[in-house]
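Residue-level listing of the chains:
Protein chains: 2
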Amino acid sequence: MHDNHHLVVVGGGFGGLQLVNDLRGAPVRITLIDKRNHHLFQPLLYQVATTLLATSEIAWPIRNLYRDRPEVTTLLAEVVGVDPANKSVILTSGKAVPYDTLVLATGATHAYFGHDEWAPVAPGLKTLEDATTIRRRVLLAFEQAELEEDPAKRDALLTFTVIGAGPTGVELAGIIAEMAHRTLPGEFRRIDTRQARVVLVEAGPRILPAFTEDLSAYAARELAKLGVEVRTGAAVTDCTDAGVRIGDAFVPSRTLVWAAGVQASPAARWLGIEADRAGRAVVEKDLSAPGLPDVFVIGDTASVMQEEGKPVPGIAPAAKQQGAHVARVIRARLEGKPAPGPFRYRHQGSLATIGKRAAIIDFGRIKLKGALAWWIWGIAHIYFLIGTRSRFAVAWSWLWIYLSGQHSARLITQKETLREEG
Amino acid sequence: MHDNHHLVVVGGGFGGLQLVNDLRGAPVRITLIDKRNHHLFQPLLYQVATTLLATSEIAWPIRNLYRDRPEVTTLLAEVVGVDPANKSVILTSGKAVPYDTLVLATGATHAYFGHDEWAPVAPGLKTLEDATTIRRRVLLAFEQAELEEDPAKRDALLTFTVIGAGPTGVELAGIIAEMAHRTLPGEFRRIDTRQARVVLVEAGPRILPAFTEDLSAYAARELAKLGVEVRTGAAVTDCTDAGVRIGDAFVPSRTLVWAAGVQASPAARWLGIEADRAGRAVVEKDLSAPGLPDVFVIGDTASVMQEEGKPVPGIAPAAKQQGAHVARVIRARLEGKPAPGPFRYRHQGSLATIGKRAAIIDFGRIKLKGALAWWIWGIAHIYFLIGTRSRFAVAWSWLWIYLSGQHSARLITQKETLREEG
Numbered sequence: 001m002h003d004n005h006h007l008v009v010v011g012g013g014f015g016g017l018q019l020v021n022d023l024r025g026a027p028v029r030i031t032l033i034d035k036r037n038h039h040l041f042q043p044l045l046y047q048v049a050t051t052l053l054a055t056s057e058i059a060w061p062i063r064n065l066y067r068d069r070p071e072v073t074t075l076l077a078e079v080v081g082v083d084p085a086n087k088s089v090i091l092t093s094g095k096a097v098p099y100d101t102l103v104l105a106t107g108a109t110h111a112y113f114g115h116d117e118w119a120p121v122a123p124g125l126k127t128l129e130d131a132t133t134i135r136r137r138v139l140l141a142f143e144q145a146e147l148e149e150d151p152a153k154r155d156a157l158l159t160f161t162v163i164g165a166g167p168t169g170v171e172l173a174g175i176i177a178e179m180a181h182r183t184l185p186g187e188f189r190r191i192d193t194r195q196a197r198v199v200l201v202e203a204g205p206r207i208l209p210a211f212t213e214d215l216s217a218y219a220a221r222e223l224a225k226l227g228v229e230v231r232t233g234a235a236v237t238d239c240t241d242a243g244v245r246i247g248d249a250f251v252p253s254r255t256l257v258w259a260a261g262v263q264a265s266p267a268a269r270w271l272g273i274e275a276d277r278a279g280r281a282v283v284e285k286d287l288s289a290p291g292l293p294d295v296f297v298i299g300d301t302a303s304v305m306q307e308e309g310k311p312v313p314g315i316a317p318a319a320k321q322q323g324a325h326v327a328r329v330i331r332a333r334l335e336g337k338p339a340p341g342p343f344r345y346r347h348q349g350s351l352a353t354i355g356k357r358a359a360i361i362d363f364g365r366i367k368l369k370g371a372l373a374w375w376i377w378g379i380a381h382i383y384f385l386i387g388t389r390s391r392f393a394v395a396w397s398w399l400w401i402y403l404s405g406q407h408s409a410r411l412i413t414q415k416e417t418l419r420e421e422g
Numbered sequence: 001m002h003d004n005h006h007l008v009v010v011g012g013g014f015g016g017l018q019l020v021n022d023l024r025g026a027p028v029r030i031t032l033i034d035k036r037n038h039h040l041f042q043p044l045l046y047q048v049a050t051t052l053l054a055t056s057e058i059a060w061p062i063r064n065l066y067r068d069r070p071e072v073t074t075l076l077a078e079v080v081g082v083d084p085a086n087k088s089v090i091l092t093s094g095k096a097v098p099y100d101t102l103v104l105a106t107g108a109t110h111a112y113f114g115h116d117e118w119a120p121v122a123p124g125l126k127t128l129e130d131a132t133t134i135r136r137r138v139l140l141a142f143e144q145a146e147l148e149e150d151p152a153k154r155d156a157l158l159t160f161t162v163i164g165a166g167p168t169g170v171e172l173a174g175i176i177a178e179m180a181h182r183t184l185p186g187e188f189r190r191i192d193t194r195q196a197r198v199v200l201v202e203a204g205p206r207i208l209p210a211f212t213e214d215l216s217a218y219a220a221r222e223l224a225k226l227g228v229e230v231r232t233g234a235a236v237t238d239c240t241d242a243g244v245r246i247g248d249a250f251v252p253s254r255t256l257v258w259a260a261g262v263q264a265s266p267a268a269r270w271l272g273i274e275a276d277r278a279g280r281a282v283v284e285k286d287l288s289a290p291g292l293p294d295v296f297v298i299g300d301t302a303s304v305m306q307e308e309g310k311p312v313p314g315i316a317p318a319a320k321q322q323g324a325h326v327a328r329v330i331r332a333r334l335e336g337k338p339a340p341g342p343f344r345y346r347h348q349g350s351l352a353t354i355g356k357r358a359a360i361i362d363f364g365r366i367k368l369k370g371a372l373a374w375w376i377w378g379i380a381h382i383y384f385l386i387g388t389r390s391r392f393a394v395a396w397s398w399l400w401i402y403l404s405g406q407h408s409a410r411l412i413t414q415k416e417t418l419r420e421e422g
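Heads up: the sequence lines are chains A and B, in that order.
Quick note on our numbering: the first sequence kicks off at 1 and runs consecutively.
Quick note on our numbering: the second sequence kicks off at 1 and runs consecutively.
The reader is advised that the hints may include incorrect statements.
Copies of the same chain are indistinguishable here, so a pair counts whether it falls within one copy or spans any two.
[To be verified] Pairs of lysine-lysine residues, derived as PhoX-like cross-links and limited to a Cα-Cα distance of at most 25 Å, are as follows:
{"#": "1", "residue 1": "K153", "residue 2": "K95"}
{"#": "2", "residue 1": "K35", "residue 2": "K153"}
{"#": "3", "residue 1": "K285", "residue 2": "K87"}
{"#": "4", "residue 1": "K225", "residue 2": "K367"}
{"#": "5", "residue 1": "K337", "residue 2": "K285"}
{"#": "6", "residue 1": "K95", "residue 2": "K35"}
{"#": "7", "residue 1": "K225", "residue 2": "K369"}
Honestly, the hints are just simulated from the structure, not real lab data.
Remember, it's a predicted structure, so these values are computed and weren't measured experimentally.
I would like the entire structure built from these sequences, with the hints used as guidance.
What follows is the structure in structure tokens.
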């Protein structure tokens with residue numbers, strides 16, 4: 001290995017960026033390929049969907065991050081396959097980009113468990129477009145309710161259903177309920193937005209199953225205070241543009257949001273290696289692909305086990321730790337040093353917010369809930385935001401919302417602005 | 001007239017909002033109808049198109065502005081006609097909204113002078129969607145050039161053509177040139193963005209014809225310094241996705257922006273009254289529609305003459321003055337007082353910026369150019385921004401750009417993210 005060693009990184013999420021950051025100064029040329037021009041701070045994406053933040057506050061152009069690293073080339077392109085025999089990745093254009101070492105950090109998308117026909121009526125939340133779609137639908141539902149004269153149709157317009165009660169589902173339901181009960185009253189003349197229903201549906205026995213039962217129960221109580229109807233042990237059996245079927249009961253609801261499942265990107269299929277049930281590539285202990293020592297898979301698209309047999313969770317800190325680990329492996333190889341040991345995940349804690357005043361944090365020994373947890377959550381997220389300006393901008397937006405109660409990003413955009421009803 | 005007098009205002013632009021603002025406390029119920037949920041600060045729209053500002057910094061939800069005015073009802077709906085005999089406006093749903101007094105403030109859109117087939121390849125700049133479309137195309141052109149290996153195709157990708165050299169065209173051309181020459185260099189590895197061409201095409205003999213020849217010549221020199229090729233007396237004869245034909249010469253250019261003409265909304269047609277060549281309704285001296293004393297037309301969709309026979313320009317201050325005038329007329333009628341005199345336009349000045357450091361201002365007797373003009377321009381625009389938060393947010397964004405040189409809103413969004421080439 002020498003200066004002309006070419007590392008190709010596919011995916012500019014948390015894992016891919018950590019890897020590139022940690023290889024600063026290493027004797028390697030890097031090509032970073034992403035199908036988007038921006039890194040997305042996904043943990044705050046739900047705040048774009050719920051009008052708290054603007055898109056540009058949580059997304060940053062990837063090539064701008066590496067303007068001072070001439071050895072890093074950023075390409076806006078979509079990878080559709082890997083040719084391990086010829087050591088190259090294939091772009092949609094058919095062009096092959098050769099690599100000496102390859103890292104796939106291509107993430108995951110939402111999964112509908114075999115019901116892809118639900119996607120148009122129950123959008124998930126993975127991209128900026130998803131977030132603006134959900135924002136548009138939520139805002140338009142209130143607008144259409146203001147115009148609607150049929151009480152049944154109006155009730156369906158004022159019923160919002162979030163499917164899946166992990167952190168994203170809980171955060172979405174909490175903010176939508178707060179909008180309806182605290183932000184929007186006074187702006188409408190024909191409807192009372194406080195009459196809106198927010199239904200949070202969870203197939204499992206309790207919300208936020210990654211947290212302790214105590215914290216989970218606290219979160220459920222806080223959601224109830226905000227006016228969210230929490231329905232656990234409730235399986236969704238159908239989603240249509242008129243509503244959602246939960247078991248045998250149909251809930252008329254014009255706005256559905258899907259926060260229930262994830263499906264890994266097809267990295268395992270590209271490499272022809274084993275995948276787990278969610279499509280994640282099963283990798284070696286150093287995160288390389290079995291039989292392909294020059295190919296690594298990290299982040300949400302990799303299936304990695306912790307020592308106690310539990311899977312590493314699909315969260316930003318896990319992806320970053322994996323990126324950092326692979327950077328160490330690559331650097332050791334380039335410098336002819338012994339490989340570092342196997343990847344070990346260190347869980348730093350779990351966080352979730354409920355509305356704009358409460359949160360729960362599980363640091364292992366220390367467990368926090370309430371306003372203090374909410375402040376820690378906020379400071380941690382501002383700290384981890386990429387880009388100095390984004391930090392200030394988000395801090396400022398939150399301070400504004402905190403003091404004024406007014407959301408700043410309540411825009412309905414995109415072509416299908418108006419789905420007016422008679 | 002009494003408390004139940006119902007005023008319908010169509011359009012939440014500068015004219016419509018000024019009217020509603022000035023009727024605070026008047027004995028009138030107001031219904032404000034707009035097909036968007038937001039008021040748009042159009043004078044800064046070009047900064048959204050050129051990645052300087054985020055969409056939510058220049059747009060504000062209309063109903064939020066009137067949350068403290070219970071007599072004002074805001075409807076998100078599109079008006080498709082007026083029935084003056086039955087005194088009602090017709091929505092797309094077919095629903096009729098009755099009025100006692102009607103004000104049409106429905107604005108204008110861009111016009112292609114009989115060449116509507118140019119619209120898809122040369123988008124204009126009137127809505128937030130237009131701005132994000134232009135932003136996406138400009139950013140994608142650089143991205144695609146980075147991937148392109150054919151030198152001729154690469155040059156076409158790196159050629160940006162702005163058609164029309166009024167203030168919007170000049171502002172767009174200036175910022176695109178600054179991006180190429182100052183913001184983006186260092187971020188690309190295969191192309192030199194400083195090689196990009198920005199061509200500003202104007203059919204008339206000089207740019208910014210609303211200004212004096214001296215200021216216009218200064219602006220042309222400043223644009224040349226930024227690297228803009230100014231072509232005056234040059235008529236565009238064709239626009240395609242490969243480029244633009246200027247007279248007989250074809251300029252290969254993959255990104256075109258249309259800033260050349262406006263077409264009024266069809267208010268005159270709805271009312272069955274006379275329109276001028278640009279489709280603007282010719283109104284009476286008090287801005288009412290001829291033969292329809294209860295209907296007023298204001299802003300970009302009204303054709304109004306100044307005393308010296310020149311038309312009132314289609315700019316924000318003119319629309320606001322008209323809104324204020326009609327508010328006085330309506331208030332006088334409601335209170336049974338004598339009508340105010342005819343509408344008189346007071347021109348407060350013309351402003352245009354060239355890039356991020358220079359501007360020209362014509363206050364009539366006082367004419368300014370250069371950095372001082374730029375600061376006055378900036379302060380004036382922040383002052384007129386609606387919403388306290390927007391003022392601070394825009395001031396902060398500009399300060400950030402001024403100090404760091406980094407633009408904050410460089411996001412490529414919307415579905416057709418990738419038009420990758422081989």
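Do the hints match the structure? See the list:
In this assembly of identical chains, K153 and K95 lie within 25 Å of each other by CA distance solely across copies; the values are 17 Å between and 51 Å within a copy. For a Cα distance limit of 25 Å, the shortest separation of K35 from K153 across copies, 21 Å, qualifies, whereas the shortest one inside one copy, 40 Å, does not. Within a single copy, K285 and K87 get their C-alpha atoms as close as 22 Å, which meets the 25 Å cut-off; across copies the closest is 76 Å, which misses it. When the C-alpha separation of K225 and K367 is checked against a cutoff of 25 Å, the pair qualifies only within one copy, where the shortest distance is 21 Å, while the shortest distance between copies is 61 Å.
For the identical chains of this complex, K337 and K285 are intra-copy neighbours only, at 18 Å inside a copy versus 86 Å across copies, given an alpha-carbon limit of 25 Å. For the identical chains of this complex, K95 and K35 are intra-copy neighbours only, at 15 Å inside a copy versus 44 Å across copies, given an alpha-carbon limit of 25 Å. Taking the shortest Cα distances, K225 and K369 sit within 25 Å of each other inside one copy (15 Å), while across copies they are farther apart (58 Å).
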